[in-house]
Amino acid sequence: MPLADETGSVTAVATVARDLSRKTQAEKALTESEDRFRAIVDNCVDGILLADRATRGLSACNETICRMLGYSREEIESLVVEDIHPREMVPQVVADFDRLATKECDLVRDVPVRRKDGRVFWADISAFDIRLAGKEHLAAFFRDVTERKRARETLQASEERYRLVAENVTDLVWSGRIEGLAKAIQGAAKDADPTVAEAFLDRWQFTFVSPSVTRLFGYTVEEFGTRKPRDIFTAPSFAALCDVFGQELAAERSGAADPQRHRVLELEHVGGDGQPRWCELSIKFLRDRR
Numbered sequence: 424m425p426l427a428d429e430t431g432s433v434t435a436v437a438t439v440a441r442d443l444s445r446k447t448q449a450e451k452a453l454t455e456s457e458d459r460f461r462a463i464v465d466n467c468v469d470g471i472l473l474a475d476r477a478t479r480g481l482s483a484c485n486e487t488i489c490r491m492l493g494y495s496r497e498e499i500e501s502l503v504v505e506d507i508h509p510r511e512m513v514p515q516v517v518a519d520f521d522r523l524a525t526k527e528c529d530l531v532r533d534v535p536v537r538r539k540d541g542r543v544f545w546a547d548i549s550a551f552d553i554r555l556a557g558k559e560h561l562a563a564f565f566r567d568v569t570e571r572k573r574a575r576e577t578l579q580a581s582e583e584r585y586r587l588v589a590e591n592v593t594d595l596v597w598s599g600r601i602e603g604l605a606k607a608i609q610g611a612a613k614d615a616d617p618t619v620a621e622a623f624l625d626r627w628q629f630t631f632v633s634p635s636v637t638r639l640f641g642y643t644v645e646e647f648g649t650r651k652p653r654d655i656f657t658a659p660s661f662a663a664l665c666d667v668f669g670q671e672l673a674a675e676r677s678g679a680a681d682p683q684r685h686r687v688l689e690l691e692h693v694g695g696d697g698q699p700r701w702c703e704l705s706i707k708f709l710r711d712r713r
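Residue numbering for the sequence shown follows the working numbering, starting at 424 and increasing by one per position.
Worth flagging that the hints you see were computed from the coordinates, not collected in a lab.
Keeping only pairs whose Cα atoms sit at most 25 angstroms apart, straight-line, the calculated BS3-like set for lysine-lysine is:
| # | residue 1 | residue 2 |
| --- | --- | --- |
| 1 | 707 | 651 |
| 2 | 572 | 539 |
| 3 | 526 | 558 |
This structure is a prediction, so every number in the text was calculated from the model and none was measured.
Use the sequences and the hints to build the structure in full.
What follows is the structure in structure tokens.
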């Protein structure tokens, strides 16, 4: 600033210097931190939305949710929660929003989400509270589970078809599982051992029994389902079953057996009335995709 004498003439200039290097470095560091955070958020697998708790207006988002919904950031930030869900599902969505906001739950599964083009995908949504600019918001994370949902529905439909067939056949159909069977196969001796087989058959648990068990053997489905193999066969037939099961464990252990093979046995069952009944039994291992 200029300095003047008593006559008003400028005789000198005074300057004040301030070191701004720390401020500049701090601003640079803050910018870099914001850029890193933005990069992380935008590359997150899940879509992220911030919604005002009071108005349910959408105030911020990441690139992932933009791609999921087909909107630009500017478009999303002009919407409310109700705009991104099918109209008929809005009451349920609003109720779920309130449950998340009040921490009644922290995850809502299989929520239908409507894209800009009208197509619908399904998402699991988790959320937590966050306060921004003096307002309460809900930070919501959207994970697309459409393929998982379709696979589950396809599997359920397939299982239902097979169940309908099994429940309406005249023969008895049952299935079960044995706890630790995979380890039993890995540790099975190369030679069949019926005593090992007997121990594992005593762990047998029925997973399905067709209704024809009542007509054929006089048991209800529930009664038959609580029994073990030694309870439903006569002693000689149970011994024969143990022998065959031991052979099958050894065959699995060898790794050379046909995975689609089955065994057919004639065994004597004990009916619900205590009377024996000879039956032909076809046995096969059920395998998962592995």
